[in-house]
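*Asks:* Now for the letters of each chain:
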Amino acid sequence: MELRICHLYPDLLNLYGDRGNITTLVMRARWRGFSVRVIEARLDDPVDPDASDLFFIGGGEDRQQRLAAPDLCGVKGSALREAAAAGAAILAVCGGYQLLGHYYRPAGGPDLVGLGLLDLHTVHPGPGSRRIIGNIVVREAGAGRILVGFENHGGRTYLGSGARPIGTAIVGSGNNGQDRGEGAVWRSVYGTYLHGPLLPKNPWLADELTAAALRRRYGSTAGEVALEPLPDLEEHRAAAAAAVRAGARGLSWPEARGQRPEHPS
Amino acid sequence: MREAAAIAAARLAASLSRLTRMGGGTTLPGRIAAAISPGLVAGLSSRMARGVVLISGTNGKTTTARSLAGILESAGLAIVHNRAGANLLSGIATALAAHATLRGRMRGEVGLFEVDEATLPAAVEATRPRVVVLLNLFRDQLDRYGEIDLIAERWRRALAVLPSESTLVYNADDPMVADLCRDHTGPVQAFGLEEAPHGEDRTLEHAADARYCYRCGRPYVYTLVTLGHMGHYRCPGCGAARPAPQVRARRVSIHGADGASATIVADGTMIPVSTVLPGLYNVYDVTAAAAAALTLGIAPADVGRGIATTVPAFGRGERVDLGGREALMLLAKNPAGFNEVLRTVLLAEASPVVLIAINDLIADGRDISWLWDVDFEVLRDRARAVVVTGLRAEDMALRLKYAGFGAEQVSVEHTGETALDRARGLLRDGECLYILPTYTAMLHLREILARRGAVRGFWKE
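Protein chains in written order, with the working numbering: chain P, 1 to 265; chain X, 266 to 726.
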């Protein structure tokens, strides 16, 4: 089996080690014996909706978003909508997440029109407002699985009825700092403010995206796309340590026992 | 009167802070002094006979200031310097107060201050500097600064209030810095590298920040990449290109971890320079220091001599005795800097033993996402062993796993002491340990080494 990944704007929307997500998807697929293909689509590059099954969009500052937005809607828009409707997985973080909504209203300048793939919009409350910055821990809405990461955004995101949040922020702010919701999901399209290398410490999400991508390519016969569990010892240890640094208590990960001593300073 | 009281209070606070071993006394005295006399920094700065030099940038502030200090001392000038790297206004105030008599006379002719990127506008206003040196802008501590463009915006504000007779010394090879300085109407002295070391063919790193033209948004075309997003670039859209620098480094050569050499060319003068500071980023730093020195009218011979006698600042290429073995401490705090440090290590040693210490305290940046922008993959097939420690040791170990390191190559140690001991135990005869820490991890490891008598306190530097 082959995992076919399309990395959108790898050199433009790549603010916070976003590449770590691609690295994670690629390594985990290789460890499971799948072959992997990564296509990079930059500004002006068209996207073939049938060529890739997992699309990734990273984060960027307002300036980079302004460069990416017209290209995302114009050059790549219909292909991404088509792929998503056909079950392809999409993960968008931070600036990329905002661009999957209907629009982003920045602190200055005109609105950026987004792809509208997720039923949400984002508003920056103005240059004087508090930026949402810090460690974040999220409990997933359904199965209660945990996501750990870091958020750093000025914009506040509000979901419509067509999207549901990934989960609830138990530490940190999430979408807008008001309703504790974090991220958005529609079909296999995920958007989140957990920026940069989100997947390494949250391998369950990496595997969920991978499974969706393989299902789209190889059909839904469960046996074909069941993912072998991997020994995620380092992943769980890092997630547990990050949760402790974030101040979340009472969470546990398999095989991640043994708390670290606190730093003297 | 107020000023005298402020100076006296600052001195007292500095002595107390050292006596009680609370720390180096590098910021608190200045905070107290500024509270007593808000105009202290401006007043004392204006009494520096040869003016004030401010140095800012993401990477290389401390080393550039130190190199320039070496040059100015070679030329026989007395300097006032925030040498311990306390680079907010309080640190500048502390250094000034420490060198002032109670009557406010300055013991020193030149003020030499490294300045935090975000503090630059306030520092320019307070000190009215004769020279401002802008080194580079890389992504760093975005959790603190928000966005790199916001720092660029602050620098724009700083340049707008720069006195018209002041000289702006800036890095022509950094597109973001050059774009800020392009329209500056006062005197400028740009510096840059004319070639990569040994004609090395470098390409843009994954994490390169400024790839798209600041004027029109088209991707720059590079004919030479030196470090991160720096090099010889041109926008194919609007034609915005690297300005031709007045001070140029040629024949750049890196000697592993033992230093570097180059020829600095300015106004038809050729200054051969060699430094014990390792790595290409330090070539930028000494070139910047040379450009600033020439602006101040320092003779070329003093420039060469000053650079040759500059020794690394604490933790930046510092050699440490590790109970009979040697260790080299190379501060690594952001992707561009870390990638260059990895290059330096690999140039120095065929199969190095490396200690990586990652913290996420405020001075490091609380967000450690940047670890995934560092190309640790280059170390995978070469490193004999990597010991990781620090508050985010687990994140670092995970990063190495996904860079393809084998589990047997990597060990996690939860204290600085055990990490140093374990790494030392892995060394074979004649080998050196490479310690790559973030800022507070570096201070922490140095504290342990100081207790063991291997290094001195950073404020005694």
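Everything labelled a hint here was simulated from the structure, so no lab data went into it. Any given hint could turn out to be false.
Claimed, not checked - Listed next, the stretches of chain P that the computed footprint assigns to chain X, with coverage defined by at least 3 CB atoms under 8 Å from CB atoms of chain X:
no., segment
1, 18-24
2, 46-54
3, 63-74
4, 195-202
5, 230-237
Please read all numbers here as calculations on a predicted model, not as lab measurements. We put the CB at the ideal spot given by N, CA and C, even for glycine.
*Asks:* Run the structure past the numbered hints and jot down the numbers of the failing ones, going up.
*Replies:* 2
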